[in-house]
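These protein sequences, in sequence, are chains P and W. Position 12 of the first sequence, counting from 1, maps to 12 under my numbering, and the rest follow consecutively. Position 84 of the second sequence, counting from 1, maps to 363 under my numbering, and the rest follow consecutively.
It should be emphasised that the hints constitute simulated quantities derived from the structure, not laboratory data. Some hints could be false.
DSSO-like, lysine-lysine: derived pairs with alpha carbons at most 27 Å apart [stated by the list, open to error]:
(1) W/LYS427 / P/LYS36
(2) W/LYS404 / P/LYS36
(3) W/LYS429 / P/LYS34
(4) W/LYS429 / W/LYS468
(5) P/LYS34 / W/LYS404
(6) W/LYS429 / P/LYS36
(7) P/LYS67 / P/LYS143
(8) P/LYS50 / P/LYS143
(9) P/LYS50 / P/LYS34
(10) W/LYS427 / P/LYS34
(11) W/LYS427 / W/LYS404
To give an idea of the chain W side of the interface with chain P (calculated C-beta under 7 Å), a few residues [said to hold, decoys possible]:
(12) GLY358
(13) GLU378
(14) GLY382
(15) LEU454
Pair by pair, the computed Cβ-Cβ distance ranges are [to be verified]:
(16) W/PHE297 / P/GLY39: 35 to 43 Å
(17) P/LEU152 / W/SER403: 30 to 38 Å
(18) P/GLY39 / W/THR472: 33 to 41 Å
(19) W/PHE470 / P/ALA53: 56 to 64 Å
(20) W/SER330 / P/VAL216: 49 to 57 Å
(21) W/LYS429 / P/LEU54: 30 to 38 Å
Since we're looking at a predicted model, the values are computed, not measured. All C-beta atoms, glycine included, are put in the ideal place defined by N, C-alpha and C.
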Amino acid sequence: METVAPDAGTRPAKGHALRHRVRTLHVMAAAEYKLKYSGSALGYVWSALKPLALFTMMYLVFGRVFKLGTISPYYAVGLLIGIVLFTFFADATLGGTYSLVSRESLLRKLVFPRTVIPTAATLTAAITFAVNTAVVALFIAWKGIVPRLDWLLIPLLLLELYVFVLGLSLILSALFVRFRDIAQVWELALQLIFYATPVIYPLSFLPPWAQSIEFVNPLTQVLQDIRALVFYDDPANVITATDALGPYGRLIPIAIVFATVAIGLLVFKHDEPWFAERV
Amino acid sequence: MGAAPEHAIEVTNVSKTFRLPHERRDSLKEHFLHPFTRTVYERQVALTGVSFAVRRHEFFGVIGPNGSGKSTLLKILAGIYRQDSGSVDVRGRLSPFIELGVGFNTELTARDNVRINATLLGLSKRQLDERFDAIVAFSELERFIDRKLKNFSSGMLLRLAYSIAIQAEFDILLLDEVLAVGDQSFQEKCFATFDSMRAAGKTIVIVTHDLAAVTRFCDRVLLLRDGSVEAVGEVRATVARYRAKHGDTDEIAVAARA
Chain P
1 METVAPDAGT RPAKGHALRH RVRTLHVMAA AEYKLKYSGS ALGYVWSALK
51 PLALFTMMYL VFGRVFKLGT ISPYYAVGLL IGIVLFTFFA DATLGGTYSL
101 VSRESLLRKL VFPRTVIPTA ATLTAAITFA VNTAVVALFI AWKGIVPRLD
151 WLLIPLLLLE LYVFVLGLSL ILSALFVRFR DIAQVWELAL QLIFYATPVI
201 YPLSFLPPWA QSIEFVNPLT QVLQDIRALV FYDDPANVIT ATDALGPYGR
251 LIPIAIVFAT VAIGLLVFKH DEPWFAERV
Chain W
280 MGAAPEHAIE VTNVSKTFRL PHERRDSLKE HFLHPFTRTV YERQVALTGV
330 SFAVRRHEFF GVIGPNGSGK STLLKILAGI YRQDSGSVDV RGRLSPFIEL
380 GVGFNTELTA RDNVRINATL LGLSKRQLDE RFDAIVAFSE LERFIDRKLK
430 NFSSGMLLRL AYSIAIQAEF DILLLDEVLA VGDQSFQEKC FATFDSMRAA
480 GKTIVIVTHD LAAVTRFCDR VLLLRDGSVE AVGEVRATVA RYRAKHGDTD
530 EIAVAARA
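Sequences are here, hints too, so could you generate the full structure?
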């Protein structure tokens, strides 16, 4: 006898299934974002306030006390871009890690594509990121930097970062169902990654071998490429992947992004049938 | 061999064993000394060799004492759990939920929750827009629709959840323990919708402890015991068998909780 996948009957057509998945994603991410700030007086403003507060402190300590601000007129804006990107990276992957376990009741009572859950968690972080991007845009305008056509590459770079974050979230969320130590491991890893990414210090302070290591991380490549695009009249201060890893240097972090998503899908699909009984 | 055409669900020789992690770390020290020691698992057999078929347009009840495997069976039918062996053959669209109010969030308003829940249950945006008023009207909660769910009583929650659930598109409805809660008047309203679902040719599989409701509505009943089929068939005989063997203890326990 042939075993029919139990959920086969609930999906009448492929196009319909995809549309429904997108809608479920949208509704879940929006609800999560709404929940995050429900009951707080300032609400959505917190999305922008948190990285701004972090930025102010770091600028005072590293920009002023340690005088890193003197090496480039764009240190402050560059720092803000770094903080906003890293905050998105950390929020999205950490939210992704907890997503399956915290949605336990959905997993046990509802049939739907499981990938929706970690994806919704990363999208919630993406909404916060979008709010922060508006703040960054204000800073850039205040600095008097005139936009250029090649800034259209920035959304592509952000897409690359999002895909990386999504792949990590798929891996982490599935692993967290099995090993609850993963959350501790990842929280520690995030702290280490923060200092292993040129957020507060310029890459030029590092020896070449250390620069090469940092560019293996797609977050570094995306951050430096965005800085290079935005601070186009100050190129000397921005080292990109091609400077550190050779003319095709960008291919290494990009390949890592694709590998992360591929591994993420494999790990997730492998464990998917057992999420409901393991969470 | 496929499912006989008159069958909505055909279950053949399904078995399921859970591996439950067994906490065996005695001290914090041990925890740190052997952080990667594999956890010991205890095997718990939930279902063994379960076979039965649900006919189309049938109201099918699943009864049995606590821990007999009813909910596990329902989750396997829904595709939430995967059986270790055996096959489940389903003809028709299954309802994607097995409980009411899945994904309800008490911090959000009833309006938001209707949107979220209906979407999770498979309604498209247009369907939701068309049916939103019907959902609210059926629940009789118009006045409370912009109130947060944490201020709802459990009866109100159930009414809202049920009103959304009946708007979902399905041929086969799977429900776990829905008849045991809710006030009398709303239960009657639910029962009326059961009748109209049946008239519309839907198949309903329900897991419950409410033997009175089973006797009143079900066409046939499956009696599970220790993960195996003890009896399947005509309602009165099967319910009588259950009552004779297990007494009414479970029913009383549920009534006390509700």
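Quick rundown of the hints versus the structure:
1. W/LYS427 / P/LYS36: holds (15 Å)
2. W/LYS404 / P/LYS36: Given pair W/LYS404, P/LYS36 holds - Cα atoms ~24 Å apart, limit 27 Å.
3. W/LYS429 / P/LYS34: Given pair W/LYS429, P/LYS34 holds - Cα atoms ~16 Å apart, limit 27 Å.
4. W/LYS429 / W/LYS468: holds (24 Å)
5. P/LYS34 / W/LYS404: holds (19 Å)
6. W/LYS429 / P/LYS36: Distance ~16 Å between W/LYS429 and P/LYS36 Cα, so the pair holds.
7. P/LYS67 / P/LYS143: holds (19 Å)
8. P/LYS50 / P/LYS143: holds (22 Å)
9. P/LYS50 / P/LYS34: The given pair, whose Cα atoms are some 17 Å apart, holds under the 27 Å limit.
10. W/LYS427 / P/LYS34: holds (13 Å)
11. W/LYS427 / W/LYS404: holds (22 Å)
12. GLY358: holds (3 Å)
13. GLU378: Check passed: Cβ of W/GLU378 comes within 5 Å of chain P, closer than 7 Å.
14. GLY382: It holds, given that the least Cβ distance between W/GLY382 and chain P is near 5 Å, below 7 Å.
15. LEU454: violated (11 Å)
16. W/PHE297 / P/GLY39: 35 to 43 Å: holds (38 Å)
17. P/LEU152 / W/SER403: 30 to 38 Å: holds (34 Å)
18. P/GLY39 / W/THR472: 33 to 41 Å: Holds: the Cβ-Cβ distance is about 36 Å, inside 33 to 41 Å.
19. W/PHE470 / P/ALA53: 56 to 64 Å: With Cβ atoms ~57 Å apart, the hint holds.
20. W/SER330 / P/VAL216: 49 to 57 Å: holds (55 Å)
21. W/LYS429 / P/LEU54: 30 to 38 Å: holds (32 Å)
Of the numbered hints stated above, the single one contradicted by the structure is hint 15.
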